[in-house]
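S.K.: If you read the sequences in order, they're chains A and B.
If you use numbering that gives the first Met the number 0, the first sequence corresponds to residues 0 to 645, in order.
If you use numbering that gives the first Met the number 0, the second sequence corresponds to residues 0 to 645, in order.
Since the hints were made in silico from the structure, they are not lab data.
Computed from a predicted structure; not experimentally measured.
Among these hints, one or two may not hold up.
Unchecked claim - With the C-beta cut set under 7 Å, the calculated list includes, among others, these residues of chain B facing chain A:
no., residue
1, Glu62
2, Phe65
3, Tyr66
4, Gly67
5, Ile299
6, Thr313
7, Pro401
8, Trp402
9, Arg516
10, Arg520
11, Pro532
12, Cys546
13, Ile603
14, Trp604
15, Ser605
16, Leu629
Claimed, not checked - Straight-line alpha carbon distances no greater than 35 Å define the calculated DSBU-like cross-link-like pairs of lysine-lysine that follow:
no., chain 1, residue 1, chain 2, residue 2
17, B, Lys576, A, Lys129
18, B, Lys64, A, Lys387
19, B, Lys387, A, Lys68
20, B, Lys158, A, Lys387
21, A, Lys348, B, Lys68
22, A, Lys576, B, Lys405
23, A, Lys387, B, Lys68
What the hints assert, rightly or not - Interface residues of chain B toward chain A, partial, derived using beta-carbon atoms under 10 Å:
no., residue
24, Tyr61
25, Thr219
26, Val409
27, Ser608
All C-beta atoms in this analysis are idealised placements derived from N, C-alpha and C, irrespective of residue type, glycine included.
Protein chains: 2
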Amino acid sequence: MKALLTPVSIHNVRITGGLFRERLDVVCQKAIPYQWSALNDKVTGAARSHAVDNFRIAAGEYEGKFYGKVFQDSDVYKWLEAVSYSLVDSPNAELEQIADDVIDLISKSQQPDGYVNTYITLVDPTQRWKNLRDNHELYCAGHLIEAAVAYYCATGKAKLLEVARRFADYIDTVFGTGENQLPGYPGHEEIELALVKLYRVTGEERYLSLSKYFIEQRGTQPHYFEIEAAARNETERQYDNTYYQAHLPVRDHHTAEGHAVRAMYLYCGVTDIALETGDRGLFDVCKRVWDNMVSRRMYITGGIGSVAFGEAFTFDYDLPNDLAYAETCAAVGVVFWGHRMLQHEADRKYADVIERALYNGVLSGMSFEGNSYFYVNPLEIWPESREKRNDRNRGRQARLQPWRQKWWEVACCPSNIARLIASLGQYIYSSSNDEIFFHLYVDSEAVFDVNGDSVSIKQETSYPWDEKVTIRVYPQRTKEFTIAVRVPGWCRRAQVSVNGDPLDITPYLERGYAKIRREWREGDRIELVFAMPVERIHANPQVRVNCGKVALQRGPVVYCLEEVDNGPVLADVSLPKSTELTVSYDKDLFGGIPVILARGERRIWSGDSLYAPATYETCPVEIRAIPYFLWANRSPGEMTVWIREC
Amino acid sequence: MKALLTPVSIHNVRITGGLFRERLDVVCQKAIPYQWSALNDKVTGAARSHAVDNFRIAAGEYEGKFYGKVFQDSDVYKWLEAVSYSLVDSPNAELEQIADDVIDLISKSQQPDGYVNTYITLVDPTQRWKNLRDNHELYCAGHLIEAAVAYYCATGKAKLLEVARRFADYIDTVFGTGENQLPGYPGHEEIELALVKLYRVTGEERYLSLSKYFIEQRGTQPHYFEIEAAARNETERQYDNTYYQAHLPVRDHHTAEGHAVRAMYLYCGVTDIALETGDRGLFDVCKRVWDNMVSRRMYITGGIGSVAFGEAFTFDYDLPNDLAYAETCAAVGVVFWGHRMLQHEADRKYADVIERALYNGVLSGMSFEGNSYFYVNPLEIWPESREKRNDRNRGRQARLQPWRQKWWEVACCPSNIARLIASLGQYIYSSSNDEIFFHLYVDSEAVFDVNGDSVSIKQETSYPWDEKVTIRVYPQRTKEFTIAVRVPGWCRRAQVSVNGDPLDITPYLERGYAKIRREWREGDRIELVFAMPVERIHANPQVRVNCGKVALQRGPVVYCLEEVDNGPVLADVSLPKSTELTVSYDKDLFGGIPVILARGERRIWSGDSLYAPATYETCPVEIRAIPYFLWANRSPGEMTVWIREC
């Protein structure tokens, strides 16, 4: 059971227009330089990072003390990974030089035996591998490997890859079930998927085996985290093993549990191992956990993790809008995992979820300008409540802010969104021997090898704002092969034509992909029209908080109401079931976007009383909804995705 | 400005039938003996109390160590106070002997200088008066005084009153702005109102002055709590001064702030002092804080305190149903305070709030059987969420239980509800020289002195279940005076007749009381009919969580839906605006109560998806609502007061 599909390499795809070209430009031109400033503590008023300085100190170039979290290094690695992809899209010699310099620092900070971690090295080398559960050494190693692979693939420069290999080789000697090895695994998964990337780029099977070992060892008895905790005389712990997805061996997982980002990274690795080793059992684990997540534990925005404590999944249908956590990184993780599932099983259900996360819970994480970030992505906010209620402004819950922040003490999200958007090209297409799959509709060009022949593709679209997609096909020579276009799950009326001739796709549909097989000639044109009326979406009644409420979605984009457009007390705005929903293009808003307009109602409340007999007197109000991902880019205030119906 | 009205003494009133006779019997026959068992740790599975044992140890009768909170003594005092009132209603020699024995213990635990407090005495006598903010010594003193006054008034026995006087005399030497005095005041108010009671029973003006001192000194600068904290080298504090209503001098208070129970007790004392001293300024403070509380910060159940952290008020219109705290004691406190306001200003608005709290947020605190208690009284619960969400089952939030508990580690609520219900008689009537006020409708008899003549009153009613009240008047001799009957604020159609002749009360209405002045003869009969249709109540739109929802209220009783009657997922049940609401008397439920029946709707949801385009398909369901205060007496499950409308 090898992977069905291969994603297009970012070298063979280029995003040429539309929303993601614009977001990609923001990432390359603004976010990446901005993040470099933040990592170097050059942004006034931003939370301290010190992440690059930690490397400078570990490399012996600076005097000083480590500052930050045990996983501070990963911010640098994830930024480097984003830089790598950006250099493919937008070559930038100055940026590449900065990256090379950082790589030198990392290289110099590598210990003689291959170990790299500025926290352990600078703070307490005796703690190396002593607390796998909490200390994130393998997590940081994973991000180092991902950065190294990305930089190597982007630039051909192998220096960081060599650092990563030496580190991986060393890790391979330390961990395992052999004599004198530690039978452990990371508290925060990440290295599993990274080792598969390293295997793919180096061909070294040991990395694959090591990844498989980490996955299979996880959650087995005797429990490594318990043994380790006993060895350091730990008396109290904050989280149980579920938090780490280590409550059970992975093969016994049935539901999405614990820290949401960790879960996503773990299942990315599990899917990769299932793909590479043809392990149907592991893939079945992924399928059932995926289904549980998608059908019970995911916000309409693709956000996951509905409680701040543990940044975690809770239980089926528990999806409060105001107490949502829905960390940006977790939505990014959904895209990572969904992308892997999709290569394994060309079912649009995975691409539908990728779209749901991408256009909503991921994009919301970064401001329109690219220089501020959400950690938590609630679906409803009443800022006064966040500010004044002690159960909403303490602990992890305090990360729920009504406004994006310049930086975070835990700054995982900014570089995560950057590395995803910078590498978005590879999510658009996949191919097998003689099939080209269109998963996402993004204005772009790509080149494929179809059974030895080169086939160029040009996709022209303003999706998700516009319902039309034009695909132009340029095979090296006329050739029979399949173009599989995804009919999005949200779309109830799709029209397809080839060279102007309407095509009834019904007989060609396979798991949501219309598979058009024919002899393709240079300049052949497929036109797709995915009808994009505003859809009123209901949640399953089990999601108690959304009963009586509707979300507005157009195409894959979920909309929301903001106070700046609709006044305060959004909860009192209601949308009659019969109201017409109009799409209006606002050319002045965020460079031009479609907004949704409707006539709604508010109650008329006479006097100052708190409770009174119902009068049902209402007044009409104009409702204006904007894409959720663009909220909190104007003035702070209330926001809600779910709107009351009347 | 002396008090306008005098409440009826519990010696001159007797509750003879109806809901409160039944609740009073439960308190006297079940709750008081049960609480005695709990205070003596004789209830299997109940939280440990040790409160009586602490006195036995302090009295030198037992060996052992103090156990409990710094305010553990108050549980015994409040129980004694409840016992006192119960002995008036239901004489019980055995119970009185137990009380006498407890009083002996308290007396023996009194220190030579008059000080009483088992925590300080047994744990660390050097800490006496060292931490007024946290250690509750004056709070316990207040409850000792209240118990002493109640026991003296009930039985004529002065032993505990002497203990209380000696303690109060000693406190009077310790506190004040004189030389060698501590310019402090309690972190938890209570002694202020207690000293007024002591003054009233002893005539000793010093107690009144001391109470006034505590009130006036509170929140002044330099801030006593800060001075005290500095003296004990405190480095961290949990709460700011608002929690203690000590953020500002009392005369500068405008809103209901901080710990809700403390606030109620404080303003009881402030109202008392305003009453006794004729201080209009202090009364104005009470009026504006009252209005803020009632029109912005009170649940429809009369519950107050909408956040678990600090058991506190938050801000205007912040009244979440599921994160409600609404401590039983706080609703009891609302009744205490409202009762005092009412004597000052015969305005039904106070009695309306007393009723709101009494029939809902107070009665809900005790089980139907009188042997289990709610600490927190939410207006909505999804037990699975409480159980599994870490933001709902930790810290004070964990006191929100879907089921009443046998006892609590902090057991303030059980005895508080007992002492209120045991003394309920005095809340029903007040009188002035030639006016008798009917505040509450409770089947009862009472005797008044009307300008020197005795007037007996008999009130016959099944209120709140029935809308009819018959009042029979038996003056010693035919005499002109006023009977002022309250027309409840919830009532939109009140009919009054005197001796069968209908009376248009419109010209007689004064602040919600119909003042019927005439020559009353023996056997004169007033009949009141307060139309009691089921009212659909809306909340002010500013209460965001209740938008689109309706509460059902009949008379003063707020209803709720329970899972046991309506199935799970109550949030999906909706009530069409036009649905007829039927009252049906269920003779088998809780000894016979009216329930509300209606035809509602649930959505039909096809398939297993989490989100889907709205179809608006519904199926009819029978809705059954029971009085809120009776919830959680059958099987655990979901509950909601606010029901979605469609």
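S.K.: Which numbered hints does this structure break?
M.R.: The structure breaks hints 1, 2, 3, 4, 7, 8, 9, 10, 11, 13, 15, 16, 17, 18, 20, 21, 22, 24, 25, 26; every other hint is satisfied.
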